[in-house]
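Novice: Just so you know, the protein sequences line up as chains Z and B, in that order.
By full-length UniProt numbering, the letter at position 16 of the first sequence is numbered 16, and the numbering carries on one by one without gaps.
By full-length UniProt numbering, the letter at position 231 of the second sequence is numbered 231, and the numbering carries on one by one without gaps.
There is no bait here: all hints are sound.
Below are the SDA-like pairs computed for lysine to any residue, each with C-alpha atoms no more than 25 angstroms apart in a straight line:
1) Z:LYS10 / B:ASP189
2) B:LYS367 / B:HIS463
3) B:LYS247 / Z:SER61
4) Z:LYS74 / Z:HIS177
5) B:LYS524 / B:ASP589
6) B:LYS262 / Z:ARG4
7) Z:LYS68 / B:ARG219
8) Z:LYS10 / B:CYS184
9) Z:LYS16 / B:ASP189
10) Z:LYS10 / B:THR191
11) B:LYS247 / Z:ARG4
12) Z:LYS10 / B:VAL252
13) B:LYS468 / B:ARG562
14) Z:LYS134 / Z:ASP195
15) Z:LYS93 / B:GLN204
16) Z:LYS16 / B:ASP190
17) Z:LYS93 / B:LEU270
18) Z:LYS19 / B:PHE188
19) Z:LYS19 / B:CYS184
20) Z:LYS10 / B:PRO195
21) Z:LYS93 / B:ARG227
22) B:LYS70 / B:GLY277
Label-pair distances were calculated between CB atoms; the ranges are:
23) Z:PRO222 / B:GLU464: 35 to 41 angstroms
24) Z:ARG199 / B:PRO604: 36 to 42 angstroms
25) Z:LYS36 / B:ASP190: 28 to 34 angstroms
With the Cβ distance kept under 7 angstroms, some of the chain Z side facing chain B (calculated, not the full set):
26) ALA3
27) ARG7
28) PHE64
For the record, the hints were derived by calculation from the structure and aren't laboratory data.
Glycine included, each C-beta is placed from N, C-alpha and C at the ideal position.
Chain by chain, the residues run as shown.
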Amino acid sequence: MDARLRRVNKEIADCKNDKTSNIRIELIDESPFHLKGSFPGPQGTPYEGGNFEVDIVIPESYPFQPVKMKFITKVYHPNVSSASGAICLDILKDAWSPVLTLKSTLISLQSLLCSPEPNDPQDAEVAKHYTTSKSSFEETAVYWTQIYAGGPGAKKSKESASASVARDEVAMAGLDHAHVRRFVGLGFEQGKVIDVLRRLNYRGKNIHNIPDDKVVEELLKP
Amino acid sequence: MSSEDYELSDEDYYDEDDMMDTQDDDGASAISEDMDTMDDFKISTKPVRKSYEIDSESLSQVAVEDLMNKDVEHICGIFGVPVDTASLLLRHMLWNKELLIEKYMDQPTAMLCAAGVAAPEPSSPEPSRSHSAASGSTTRRSTRSASKLLGLGKSKASSPISPVSSTASKLIPPKSGGPESFVCPICFDDTPDVPTLALVCDHQYCVNCWNAYISSKLRDEAEHAIRCMAEGCALVAPDEFVRSALKTAAVVDPTLNEDTDKLLSRFQELLVRQFVGANRKLKYCPYPGCTNTVSCPSAATKSSLNMVVPTVSCGARGIGTSMTSSQVLERESLGLQAKEHTFCFGCPIESDHRPVVCNVAKMWLKKCHDDSETANWIKTNTKECSQCQSTIEKNGGCNHMTCKKCKYEFCWVCMGPWSEHGTAWYSCNRFDEKAGVDARDAQSKSRASLERYLHYYNRWANHEQSAKLSLDLYSKTEKKMEEMQITSSLTWIEVQFMKKAVEEVDKCRRTLKWTYAMAYYLAKGNEKELFEDNQSNLEQAVEELSELLESPIEADIIPTLRQKVTDKTVYVQKRNDIVLEDTANGFLDGRWKWNTPVDGFDDPENMEN
Ligand SMILES: [Zn+2]
Ligand SMILES: [Zn+2]
Ligand SMILES: [Zn+2]
Ligand SMILES: [Zn+2]
Ligand SMILES: [Zn+2]
Ligand SMILES: [Zn+2]
Chain Z
1 MDARLRRVNK EIADCKNDKT SNIRIELIDE SPFHLKGSFP GPQGTPYEGG NFEVDIVIPE
61 SYPFQPVKMK FITKVYHPNV SSASGAICLD ILKDAWSPVL TLKSTLISLQ SLLCSPEPND
121 PQDAEVAKHY TTSKSSFEET AVYWTQIYAG GPGAKKSKES ASASVARDEV AMAGLDHAHV
181 RRFVGLGFEQ GKVIDVLRRL NYRGKNIHNI PDDKVVEELL KP
Chain B
1 MSSEDYELSD EDYYDEDDMM DTQDDDGASA ISEDMDTMDD FKISTKPVRK SYEIDSESLS
61 QVAVEDLMNK DVEHICGIFG VPVDTASLLL RHMLWNKELL IEKYMDQPTA MLCAAGVAAP
121 EPSSPEPSRS HSAASGSTTR RSTRSASKLL GLGKSKASSP ISPVSSTASK LIPPKSGGPE
181 SFVCPICFDD TPDVPTLALV CDHQYCVNCW NAYISSKLRD EAEHAIRCMA EGCALVAPDE
241 FVRSALKTAA VVDPTLNEDT DKLLSRFQEL LVRQFVGANR KLKYCPYPGC TNTVSCPSAA
301 TKSSLNMVVP TVSCGARGIG TSMTSSQVLE RESLGLQAKE HTFCFGCPIE SDHRPVVCNV
361 AKMWLKKCHD DSETANWIKT NTKECSQCQS TIEKNGGCNH MTCKKCKYEF CWVCMGPWSE
421 HGTAWYSCNR FDEKAGVDAR DAQSKSRASL ERYLHYYNRW ANHEQSAKLS LDLYSKTEKK
481 MEEMQITSSL TWIEVQFMKK AVEEVDKCRR TLKWTYAMAY YLAKGNEKEL FEDNQSNLEQ
541 AVEELSELLE SPIEADIIPT LRQKVTDKTV YVQKRNDIVL EDTANGFLDG RWKWNTPVDG
601 FDDPENMEN
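Here chain Z stands alone, though its shape is the one from the complex:
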């Protein structure tokens, strides 16, 4: 049998049989080379209570070339692209070793959620948020976990809660409602205000570095 197929089949089976770990690997369609992995967000982090799904593509020369993984679930994390789910992690690149497995790689992703590396960011805006105001960053991360990863907040009253939070774009962007209201009060559209404040990193102590006229100037740009 094809060595790659044998190895992947065994990896999938091993993962199923392992009752102790909470890593899951499932088929998406018939192909064993395009899979979906998932794991719970680590405890004691803003991702706690969420379930994170990962798209897994097994390349032709696996396991001698690294597996390709990206988050399907939206994650607010400096090393994960908030738009595409792309992940910045050494073992997915040049530090890959053929002895690593799908399960061990997913565990590494889980531990990446515990220990962000803002100095080697995948998402520069999120990393800025993390470094300027960790508590505000964590609020947004918790928020995203609730909305996208089925976190605890969403469980309480699933439908109504998720419907109302889904509209709260201010919290999604990690911004303060009062700040957004202030500029909306000047007659700017809320979407635009959120976009500009997010880009300027209008958060935490950093707001003292950004004069109002700078914000307005940005808002006036077409």
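Given the coordinates of chain Z, work out where chain B with the ligands should sit on it, guided by the hints.
Specialist: Frame of chain Z; chain B with the ligands shown alone:
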């Protein structure tokens, strides 16, 4: 290649002994000792070197390997280490022998670990997984991966520094009747009798996995440093290990045989490339599939590139050129010689960009790239008549245009009245700078500067285009000539004169093309005027020859045409020589001044026009 060429190449070589002096002594002796292995050397035979030519030498892969081996032996001798160890150390230090000796004498253990020859002491908490000094983030992050938790790739405490004299590898024969059969931790294969291999770290994997891993490194990543497959293990497989792993895999699975040969030569090529890449006096031929190297010590320094244009050739032709296969076929079907592997030694431009020096050529290409939108606009085949503003379309090769509506006759290239061009369109090679000087406000200034750029760009692009058109034309002509050879008394040899002319036109248009890049940046003044005189003379001659090539071919005019074309070809050659020679001398004398700062030249502010 004839046997004379070989003899000449020997002479060339001895003449060039001096030039090798700048390289370290053993480099030079390596070449002279191996003269008999230089059968593959293809050195262009140039009895007298012109000022626009540069001394260079083509080295076959074997010859480069000899240079490499000399360095390795040198290090073996000093350190008392085996060949494979010396190779890994040298590659790690990018073949900087002096630095390697200094560092190794200071801290041999650290050096061996850094080069992946030996594993660090087990006490050191985190094995550095980087084999190149430059990768910081990987070591920092290595704690993240979790294989240790899963007991995968379980490493026995890595062995302390192993005796350097061992070859740092183990080929373990299939374990016969061992207490527990081996299960490869990568492919999970537990078939008995599959050989396993490990480096000194004793991380064992089956030979099939090693084979697949090595092929993936060599093919997918073009990586010659084959690190141990265990996570976090920084050992690098010695050459002997790599080769024996590939060969053993082919013994286990004979269907791999053909592949193995390819992989072995790929490995060798990557090793040679790394060595060549680390040596400023050497450059690997950029033509795909070619494994020759060119040595050009006189273009090895940055400053030398402001004095000479190091156009070199590896000597090989044809297969593996940068042309698409259809272009190659086209040329071959025309009976034109397959293009020589000509490239610039000093910059990444894979063709002859004489007469202009690398820095200026690069500036120009960058400008054309940045302004490609404008350039595309100008390249379109419609323009407005400058007299009646009606749209005029160009549908032929000739630049003498007549507006259908108002009958205005003009030059397609400069849009100026044709009458001012006399009988030749080429007198439009000079840009009228007055418009730029007269421009007062910012808008007309920027318009003037755009027009100035377009003036040069247009002519640059036109020569490129015309060279292609003359090849097309030749294919038609050639057919006719061959027919004539049957219907008339002319011999085949007698109808070949066109070929030489077409090749010459092609060459000269390439020169002309780059003269426009040069002229765009040349500061105004006498020197520029003389340059443009030479440019104009060449352009005129080339256009006249092109026109001759377009003349209708009839059997009875062939003898006259032949004489005319041959004479013109010789003349064109002479004009091309003058442009190249004079420009090259100008660089040597520091005569050329630019209108904008160019790396390595004095700032234009400090000079007078
Ligand atoms: Zn194996
Ligand atoms: Zn190892
Ligand atoms: Zn070549
Ligand atoms: Zn160049
Ligand atoms: Zn007109
Ligand atoms: Zn003109």
